[in-house]
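J.: Please arrange chain B on chain P, whose structure you already have, making use of the hints.
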Amino acid sequence: MSAVLEKYFVPEPSRFPIYGSAALLLIGAGGAMWLNRVGSGPWLVAIGFATLIYMLFGWFGQVVRESETGKYSQQVDKSFRWSMGWFIFSEVMFFAAFFGVLFYVRVLSVPELADGASAMLWDGFEKKWPSAGPYVEEAFTPMGAWGIPAINTLILLSSGATLTWAHWGLLKGARGQLIKGLVLTVLLGVIFLGLQVYEYVHAYDALNLRLTSGIYGSTFFMLTGFHGMHVTIGATMLAVILARSIKGHFTAERHFAFEAVAWYWHFVDVVWLFLFIVVYWL
Amino acid sequence: MSAVSHSLEHGHHAHQPSGLMRWITTTNHKDIGSMYLIFSFIMFLSGGVMALTIRAELFAPGLQVVQPEFFNQLTTMHGLVMVFGAIMPAFVGFANWQIPLMIGASDMAFARMNNWSFWLLPPAALLLLGSFFVPGGATAAGWTLYAPLSVQMGMGMDLTIFAVHIMGISSIMGAINIVVTILNMRAPGMTLMKMPLFCWTWLITAYLLIAVMPVLAGAVTMILTDRHFGTSFFNAAGGGDPVLYQHVFWFFGHPEVYIMILPAFGIVSQVIPTFARKPLFGYASMVYATASIAILSFTVWAHHMFTTGLPAAGQLFFMYATMLIAVPTGVKVFNWVATMWRGSMTFETPMLFSVGFLFVFTMGGFTGLICAIAPIDIQLQDTYYVVAHFHYVLVAGSLFALFSGAYYWLPKWTGHMYDEKLGKIHFWCSIVFFNITFFPMHFLGLAGMPRRIPDYNPMFADFNLMASIGAFGFGFSQLIFLAVVVKCIRGGERAAAKPWEGAEGLEWTVPSPAPYHTFEEPPVVK
Chain P
361 MSAVLEKYFV
371 PEPSRFPIYG
381 SAALLLIGAG
391 GAMWLNRVGS
401 GPWLVAIGFA
411 TLIYMLFGWF
421 GQVVRESETG
431 KYSQQVDKSF
441 RWSMGWFIFS
451 EVMFFAAFFG
461 VLFYVRVLSV
471 PELADGASAM
481 LWDGFEKKWP
491 SAGPYVEEAF
501 TPMGAWGIPA
511 INTLILLSSG
521 ATLTWAHWGL
531 LKGARGQLIK
541 GLVLTVLLGV
551 IFLGLQVYEY
561 VHAYDALNLR
571 LTSGIYGSTF
581 FMLTGFHGMH
591 VTIGATMLAV
601 ILARSIKGHF
611 TAERHFAFEA
621 VAWYWHFVDV
631 VWLFLFIVVY
641 WL
Chain B
74 MSAVSHSLEH
84 GHHAHQPSGL
94 MRWITTTNHK
104 DIGSMYLIFS
114 FIMFLSGGVM
124 ALTIRAELFA
134 PGLQVVQPEF
144 FNQLTTMHGL
154 VMVFGAIMPA
164 FVGFANWQIP
174 LMIGASDMAF
184 ARMNNWSFWL
194 LPPAALLLLG
204 SFFVPGGATA
214 AGWTLYAPLS
224 VQMGMGMDLT
234 IFAVHIMGIS
244 SIMGAINIVV
254 TILNMRAPGM
264 TLMKMPLFCW
274 TWLITAYLLI
284 AVMPVLAGAV
294 TMILTDRHFG
304 TSFFNAAGGG
314 DPVLYQHVFW
324 FFGHPEVYIM
334 ILPAFGIVSQ
344 VIPTFARKPL
354 FGYASMVYAT
364 ASIAILSFTV
374 WAHHMFTTGL
384 PAAGQLFFMY
394 ATMLIAVPTG
404 VKVFNWVATM
414 WRGSMTFETP
424 MLFSVGFLFV
434 FTMGGFTGLI
444 CAIAPIDIQL
454 QDTYYVVAHF
464 HYVLVAGSLF
474 ALFSGAYYWL
484 PKWTGHMYDE
494 KLGKIHFWCS
504 IVFFNITFFP
514 MHFLGLAGMP
524 RRIPDYNPMF
534 ADFNLMASIG
544 AFGFGFSQLI
554 FLAVVVKCIR
564 GGERAAAKPW
574 EGAEGLEWTV
584 PSPAPYHTFE
594 EPPVVK
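Protein chains in written order, with the working numbering: chain P, 361 to 642; chain B, 74 to 599.
One chain only, chain P, in its complex shape (with noise of 0.2 angstroms):
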């Protein structure tokens, strides 16, 4: 640690983090009423939803102003860096949890359930993967490796790249690269989405393939739904970077935002080959 220390940035009083609790209390309650059928559950989401969105643009765009004011010191870039390395871990473990799942389904409980006692509850149910189970009984296709997801997967590594390259470009100051790689990496970003979007269409419309076909189906959706809902917050988390970079915010310097931003974009990415691999291919 250095001798002299600057002083901390401790901000003022602030109203946003109460609009953030106010929210989640609709979100939270609303969901529960809108699942169940009770009152008016989805405006009371709706409602909660629109606080979170301003509260978000709010509190980010201050902390953008007190950014560009020069009110952060090294010592705080550090809190922030630390920070984002501490949250990403925890989106792993959340990940793990549902890739613990796939484990556990495909190794220990659909083999069990062709085994031994179970063999005589579910007669003549056979282990293999993909399995809805021996009750689900609509036929349906397991999602092929080869097609849609294979380009994906080349999508996110060149995103991955185009993003380093935007980089290089903040780093030497050339602000047209960096401006041109952000572009293509959102696009990239984007055209990724529309194929996830276009492949779900694809699995419940030919394929029959539905977030209730048994226990297969529920880990392919909800493992790639929650890959997809966190490629958008990054693609959104990357436009944001964009406009700013376009505002001529950042320098080679001091550029955390971005820097935090790409983290979470490679993280995306590598979650995504881990899905490449145990969901489609294996």
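Hints listed in this document are in silico derivations from the structure and should not be mistaken for laboratory results. Treat the hints with caution; some may be incorrect.
Within a straight-line C-alpha distance of at most 25 angstroms, the following computed DMTMM-like cross-link-like pairs (lysine to aspartate or glutamate) qualify [stated by the list, open to error]:
no., chain 1, residue 1, chain 2, residue 2
1, P, K487, P, E498
2, P, K607, P, D437
3, P, K431, B, D104
4, P, K438, B, E593
5, B, K494, B, E594
6, P, K367, B, E574
7, P, K438, B, E594
8, B, K571, B, E142
9, P, K367, B, D492
10, P, K487, P, E497
11, P, K367, B, D104
12, P, K431, B, D455
13, B, K497, B, E421
14, P, K532, P, E619
15, P, K540, P, D475
16, B, K267, B, D528
17, P, K607, P, E619
18, B, K560, B, E421
19, P, K438, P, E372
20, P, K532, P, D437
21, P, K607, P, E497
22, P, K487, P, D475
23, P, K367, P, E428
24, P, K431, B, E421
T.: Okay, now just chain B, sitting in the frame of chain P:
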């Protein structure tokens, strides 16, 4: 200290809102810490009322006070409220108040996010407690929310799921804040191995929180989709497995147990050296023991599941891994006792609670070892023996340590000494009634009384009567604590900057009460 007088002038900013808005918008770690502590005490009382209703029903065999359905809601909500509403937020309150003071930081690393971490809790509590009043009532699946019960419950279950999500967000943000504060905001010269042990235990706890709260979020999300969107995670007919829920839940749940006890170890490690007037024995081994408990906590989850048909090899692994945790825990107990060895001891209330903790928590540790033995646990699963065990570690462990810490730092927080006589009465009532309540439960469990059932065989009547009397005694004793705190806030003998002769650490270098802003310029630690 110049840093202090400087901060006194800054105590009242021009833009500092007053009244309610001060508390809603505050970014001050002391304000937020106080709110955490008050919130957790309110939740502690709510959970306590539920516990007393449970004990009133169990006062005698037969159904007298509540219906079985409502009884199940009470046991479920008592657990959820105490774990997520009382114990965890109380420790975060201590972390907020003490960590910046102990490491010489001006505030938490992310002061605005700190505010949000707290203010997410009241909405979550509202959803959780509000679920009592929706059609079908609160969830009655047990605090562990096991499938398939949790897949079948009514709207109360959905509210609980969303409440758990919100509390999870709060915990993760709070934990990230604590990790970053400790890693990045220590005063110059405060190396990690010079840090007070309370900060160490919280650093490791926060790491555990970041690692497992997302897993809980995943578990309850799967419950939600199984309930409403037709997934089959916990449904064997679709190829899933209800036992899978238990695996995911306890992968969160066992580290969660240490999340609730490690900060307690930290508090006790501050209090015992102070009143033994000796430095903590084996500081480095305490740090390593804490870290090994945290790492081992990820490898023991299935000891909660010995009766689910685990393969023998699995049972053996989880049994031995669990018993291994007794080693670092033993190191800790040894070190606390060795700290007191030949110390000049005095027994003010904080010390009483810490010594009391040592006795009763260690008993809970021993019954934990007994439960770890798979063949025994198969007999004891879901009996009152388990209830006795985890109340010995959670009430006599976590809660007593919280009381110890509260008495220890009250003079620093309020600027007044608390009423020592009342504090001592609070301690003796608590420890006596605690044992009257929970000690007989060991016998009930060994004799086979199942938990979470509102009625029981008349042969269990005597011990249940005893436990219920103890529970009411324990419950009302906590009002003494409320009285002590209120009295202490309102006035009393002025506390010196360092009210405890043997205390060490940066928090005692600032005046009592601690000024609104402290260590705006970091102190230098030698």
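J.: Assess, step by step, whether the Cα of K431/P is no farther than 25 angstroms from the Cα of D104/B, and give holds or violated.
T.: With Cα atoms ~23 angstroms apart, K431/P and D104/B stay inside 25 angstroms; holds.
J.: Can the restraint linking K438/P and E372/P be considered satisfied, given a maximum Cα separation of 25 angstroms?
T.: holds (20 angstroms)
J.: What's the verdict on K532/P and E619/P, does the C-alpha distance respect the 25 angstroms limit or exceed it?
T.: holds (15 angstroms)
J.: For a C-alpha distance cap of 25 angstroms, please report whether K367/P and D104/B respect it.
T.: holds (21 angstroms)
J.: Measure nothing beyond the straight line between the CA atoms of K494/B and E594/B; if it is 25 angstroms or shorter, mark the hint as holding.
T.: violated (39 angstroms)
J.: Does E498/P sit within 25 angstroms of K487/P, going by the straight-line distance between their CA atoms?
T.: Given that 25 angstroms is the threshold and the Cα spacing comes to 17 angstroms, the pair holds.
J.: Within 25 angstroms, alpha carbon to alpha carbon, are K560/B and E421/B?
T.: holds (18 angstroms)
J.: For a C-alpha distance cap of 25 angstroms, please report whether K532/P and D437/P respect it.
T.: Cα-Cα ~21 angstroms, so holds.
J.: Is the straight-line distance between the alpha-carbon of K540/P and that of D475/P 25 angstroms or less?
T.: violated (57 angstroms)
J.: Against the 25 angstroms threshold, does the CA-CA distance of K607/P and E497/P hold or violate the hint?
T.: violated (56 angstroms)
J.: K367/P and E574/B were given as a pair; does the straight-line alpha-carbon distance stay at or below 25 angstroms?
T.: violated (32 angstroms)
J.: Just to be careful, I want the Cα atoms of K431/P and E421/B compared with a cutoff of 25 angstroms; is the pair within it?
T.: violated (46 angstroms)
In summary, the structure is inconsistent with hints 5, 6, 8, 9, 12, 15, 16, 21, 24 from the numbered list given earlier, while agreeing with the others.
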